[in-house]
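Student: Modelling step: build the complete structure from the supplied sequences, incorporating the hints.
Sequence lines, in order, name chains C and D.
Read in order, the letters of the first sequence are residues 1 to 334 in our numbering.
Read in order, the letters of the second sequence are residues 1 to 240 in our numbering.
A hint or two may mislead.
[Claimed, not checked] Ranges of calculated distance between the beta carbons of each label pair, as one might list FRET restraints:
| # | chain 1 | residue 1 | chain 2 | residue 2 | range |
| --- | --- | --- | --- | --- | --- |
| 1 | D | 153 | C | 105 | 17 to 27 Å |
| 2 | C | 63 | D | 174 | 46 to 56 Å |
| 3 | D | 45 | C | 105 | 35 to 45 Å |
Everything labelled a hint here was simulated from the structure, so no lab data went into it.
All C-beta atoms in this analysis are idealised placements derived from N, C-alpha and C, irrespective of residue type, glycine included.
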Amino acid sequence: MPESPPLPAIEVSRLVKTYAGVTAVNDISFTVARGEIIGFLGPNGAGKSTTMRILTGYLPATSGRVSICGHPVATETDEVKRRVGYMPENNPLPDDMRVSEYLYFRGRLKEVPRPMLGSRIDEVLELCDLKRVRHKIIGKLSKGFRQRVGIAESVLAEPPVIIMDEPTIGLDPHQILIVRDLIASLRGRMTVLISSHILPEIEMTCDRVLIINQGRIVAQGTPSELRREVLGQSAYEIEAAGALGALPFLLGAIDPGLSVASEEPADALGFRKIRLKTVNDDDVGEAILRACLSEGLRVRALSRAQPTLEDVFLAATRRSWDAVAGEPRGSRNP
Amino acid sequence: MLLVSPSTYIAAFSFLSLMGFIFTSILEEYSKAQQNVSPASAFFAVYFIPVIFMVPLLTMKCLAEERRLGTIETLLTTPVTTTEVVLGKYAASYLLYMAFWASTGGLFYILYRFAGDAHLLDPGPIIGGYLFIAVSGLLFVAIGVFTSSLSRNQAVAGILCVTALAAVILGSRYLGSAAWLDRESLAPLKAAVGYAQIWEHLQDFSRGVVDARELLFYASGTVLALIFSILSVEAKILHS
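Tutor: Printed below as a string of structure tokens:
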């Protein structure tokens, strides 16, 4: 690779794409370092696929600048296409070719030299566990195999950047696990940008997450950063019995921001489940426990609630909808 | 892919059956009475039947199928341009079309082998006829590729192609004999229609007359149809 190392793999600045008066992507900027695995999250119609298509050079952008490994997509489209392995949404494949024929055809299209292609195909077949079906016709493969053929095809030419639009859509949990391991095995070697709806999967494989809604980036960072940034609070759950009326006062003494968020009725043994929340990020679990015990409350369980990426996603997209509702959107109503 | 796909062989089989049938019926005519043109001329005079049926069947799939399946997206994200894709599809369709026609050479060989009558096998009209098929095929296949780029539905593309070919082949003949074009003010139009008489081109080729204007007609038509195909594919991506 002739480029010098500091160039980021993907650089997007102020990207805008409008279709017939509708703004699909509205002023997006982000950078992806080499070897990073990035998750692209967003509700349907948020502009994920459009952004990915622009990155691959398939669609031209309305305005903004996109470069892949330092090559601007608009002017050096061919160079960009050589550096990107792309798997579109729904993974279109020709139904009447055999798996090995298809990979050979794609390898030649992607300018893999003929002498190397045979061994490279064997490698990706091995990597994606496709050896058993290499002579089968693609149209007769099950969804999981088709998906893996798509992934094998995108890594075939060993591009430095891989873009996959919903690679795990329609797969069963076991196949998702395989695909996830496969993507994780590319870590460090290739830059991977994947979009998905399946949040736990993104959380497990990706180094960083971009949440996009209505064509804008509403949050970005590692999953833990996002939790802090978007939810902005930690939550605790305590199951206790005794004189609970004193609890708010006790909590105020530990941390002024700590308060009772919700309380459930007592169960047969007199224990209540109480949810506490605080804006403070420090772990105050021990302090809560000590305070409760010193006041003679009986504590059965105390846990710090871990917000999932799902909560983050919902909060971030809701926040952006609120923001959008607050301002008139010229692009939607011309 | 074309050569391993069974549909190619089914198409080739039906094409040869049709052409064989036409060829035999021509020969039957000849066995009944003396004719004043050679059998090859009579054979190539019905070129429009296979053209109107075979060209749409060969070309309707080429771009429509890619768009319907979405494989055009994976295709165009490899280091190839739209122009290369369209030209590749065109070249494949044209070569297959010519291979089909070349297989009809077998009919003449059988005639030569078993009739042994030099009078029936005048090489001039045969060579001229094949030359005409090769040159006019450039345009017909380009029209097929263009109509295939217009729709993602193969059937629609096929029907459009039949209509367009019929308009080019039969429409020009109709216009050539239309009385309303004889008016003085329409003389340039009449001359233009005169150049586009595909039937007369066939007769010229059969007689061994290769007119540069006729070659230019097919070449420019082909280039135009291919440019429109490329623009159509790109426009559909932009508005997808």
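Student: Tell me, in ascending order, the numbers of any earlier hints that this structure violates.
Tutor: none
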